[in-house]
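One letter stands for each residue in the lines below.
Number of protein chains: 2
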Amino acid sequence: MFSYVSHLECPKCGLTHPVDQQINLCTCGSPLLVRYHLNDLKKAWQKSSLTTRPATLWRYHELLPVVDEANIVTLGEGMTPLLPTTRLARELGVREMYVKDEGIIPTGSFKARGAAVGVSKAKELGITDIAMPTNGNAGAAWSTYAARAGMRSTIVMPKAAPFLTRGECAMAGANLYLVNGLISDAGKIVGRAVQKHGWFDASTLKEPYRIEGKKTMGLEIAEQLGWKLPDVILYPTGGGVGIIGIYKALRELQELGWVEGPLPRLVAVQSKGCAPIVRAWQEGKRESVFWEHSETVAFGINVPKALGDFLVLEAVYETDGCAIAVDDRDIIMEQKHLASTEGLFICPEGAATVAAARELRKIGWIKESDTIVVLNTGIGIKYPETIDMHVKTLQPDSDLPETYIG
Amino acid sequence: MFSYVSHLECPKCGLTHPVDQQINLCTCGSPLLVRYHLNDLKKAWQKSSLTTRPATLWRYHELLPVVDEANIVTLGEGMTPLLPTTRLARELGVREMYVKDEGIIPTGSFKARGAAVGVSKAKELGITDIAMPTNGNAGAAWSTYAARAGMRSTIVMPKAAPFLTRGECAMAGANLYLVNGLISDAGKIVGRAVQKHGWFDASTLKEPYRIEGKKTMGLEIAEQLGWKLPDVILYPTGGGVGIIGIYKALRELQELGWVEGPLPRLVAVQSKGCAPIVRAWQEGKRESVFWEHSETVAFGINVPKALGDFLVLEAVYETDGCAIAVDDRDIIMEQKHLASTEGLFICPEGAATVAAARELRKIGWIKESDTIVVLNTGIGIKYPETIDMHVKTLQPDSDLPETYIG
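Going down the list, the sequences are from chains A and B.
All letters in the first sequence, in the order written, are residues 1 to 406 by this note's numbering.
All letters in the second sequence, in the order written, are residues 1 to 406 by this note's numbering.
Hints may be right or wrong, so weigh each one.
One copy or two, it doesn't matter: identical chains are merged, so the pair holds either way.
[As the list claims (entries may be wrong)] Taking lysine to any residue pairs in the SDA-like style, the calculated list, with each CA pair at most 25 Å apart, reads:
(1) 392 / 128
(2) 159 / 387
(3) 305 / 399
(4) 305 / 400
(5) 336 / 150
(6) 336 / 163
(7) 159 / 395
(8) 12 / 30
(9) 228 / 54
(10) 42 / 67
(11) 336 / 152
(12) 392 / 180
(13) 196 / 398
(14) 228 / 53
(15) 228 / 50
(16) 43 / 55
(17) 47 / 226
(18) 228 / 51
(19) 228 / 55
(20) 159 / 388
(21) 43 / 56
(22) 188 / 391
(23) 159 / 340
(24) 367 / 227
(25) 159 / 178
(26) 188 / 401
Because the hints were derived from the structure by calculation, they are not lab data.
Chain A extracted, bound-state conformation (with noise of 0.2 Å):
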């Protein structure tokens, strides 16, 4: 069997609905979770059969929604790099620490996974249109795959969003709009829409299937690491999906019985300029309040109210992790620090990792004998703006002036 998919299930009211119908959220209201038949896919599959596949997300198709092969939608995608970084690691005290590199993947970022397997059911459920608001990341994956589905796209950004993932829904020919708001305005004129033409919603956690893509992170990082899980996963926390993506993944793997002893603690990194989750972790909540006037460098995670808080909060507390917000300027040090020191040109969602890590590592969360992996979500010259430039200009007799010469 390609795919051991079974059911939807809702975390909220455990209703359960069936994988071959368009669905979005559950009748309750809460986001849905894909199921598969663990049990018999345990009896089935080794470890070992994944040694000769492709280095794409598609590896683990048995634990994907997608269950005729020939409905995937794919720009070869996953199977990113694990970069060990041992300066850093050297700088903050600790054993081993590593950077998942989402820049290395279609569209430039970890949208690309959540997209790949979204389309490629809708594709399977038959789906000809789909619409979204995006800080931008998520709108350029979802309109590049949806062109090579051969689907149509709509798309609603706000207007403060990084100028060039604009260009990538406009080149995969989206129908592309900008809003003067946020996330939140952007996501209200697509559900105003959806409802008067009919088409898919795919919204973050309106749309159950991009998790699956989402949680190939945490599949490879247990597969990358020879399945043994590192002590701390870092993850820079806007909509969530990447961080419930990860837990969902670690916790099926623990069902199959590929990895032992306890999971990761997780660390959902949000900036100060909007840490909703931050603020409910630290009241012990189990839902977060909308963040007003929320602003940050890091504009992936500038969602000031999550539909899957919850599910969030839970991957935290579940695994004894922790929520932390980090200072702007803090974000932009670590990005040009990590550049010229490990030679990884991150984004400002990833650098807020590596600032939280080295936080954590100050007060002692996270200890000398831990390894930790951070996530890089994308690649940083998607936000030219966070670079800061002198540069002289030379004309073609000149030589190099004799100061600056390292």
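We have chain A already, so just place chain B on it with the hints.
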């Protein structure tokens, strides 16, 4: 043995040089090629050994020049997707068409391959300072890998080079300069500076090992097609290292007995605004002449005279290939077309190969029965100036306009 490297050989005068010393050009002024103990390797190496290796270009370490594995400087480069483009194949009227997508690689361009192998070998040879002229992407890649290796880098690029590549160099901590001129002017400035300061000159083909990195594109295409070579490979040609490398790879695979039959016809694709190789090929020459007042939107192939022109022309002649120049307007058109029909937002240089394939099919040089591979050398978003975009801005309480809705 980790590497079967033997020595450096001059393709012009035949002189050989050792691989354990810092060296640039042959004493005769020609670029040098790396040679391997292919007979020994043929006995010791099996294709099947590759199947379980990591999906990076280092899977071919026996055919790479780094002797000690500890010297590898890596960001996870290589094994980029080879993607079927079925709609485009149908449109052009060819049996099979693939895009080798070199956008899915650290720093977003194929230059990462040359930089990974070149910087690794430089580390092995004890080099601590490199300098180079660049049209943008090579500088971005080499300064990034230099940072990863803990080396210092000095980069000089034309003021008109893609803006984002400047940012990559700056973030990597390079000594970065712009020049009011072409890459040839930048090259002269670097030439004087390396003399004066004793830095290693990593200019295209003045450094013998980057070809080895780039040849892995050829190795991967062969492996990804199950060691059955395509009929035609089209490559955007500026400095020419990519096509030289692919030709070298295919010849080495022939010598190893890993591929059979004739080699693919190699096509050097240039822009009509800078076509020295095309002119030389049309005139049956073995070398090119400096192209005056060169200009093209595909900045990476704006190279008026390449040091390795004779090697590019050899690759074309020896494989019954050809050289063809395309119009900048067609490049822009194909770029948009590929993004919206195949979900591949490629760079202008990559789009040039699609325009060339379309033209060569039209005139019958490419046949209906041919399997063709075009190289996309980098991600499209590095060239925001080629995006033609008209986007409407909505207010938070607006609905989508009725027009535009597809």
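Check: Which of the numbered hints are not met once you compare them with the structure shown?
Finding: Of the numbered hints, all hold.
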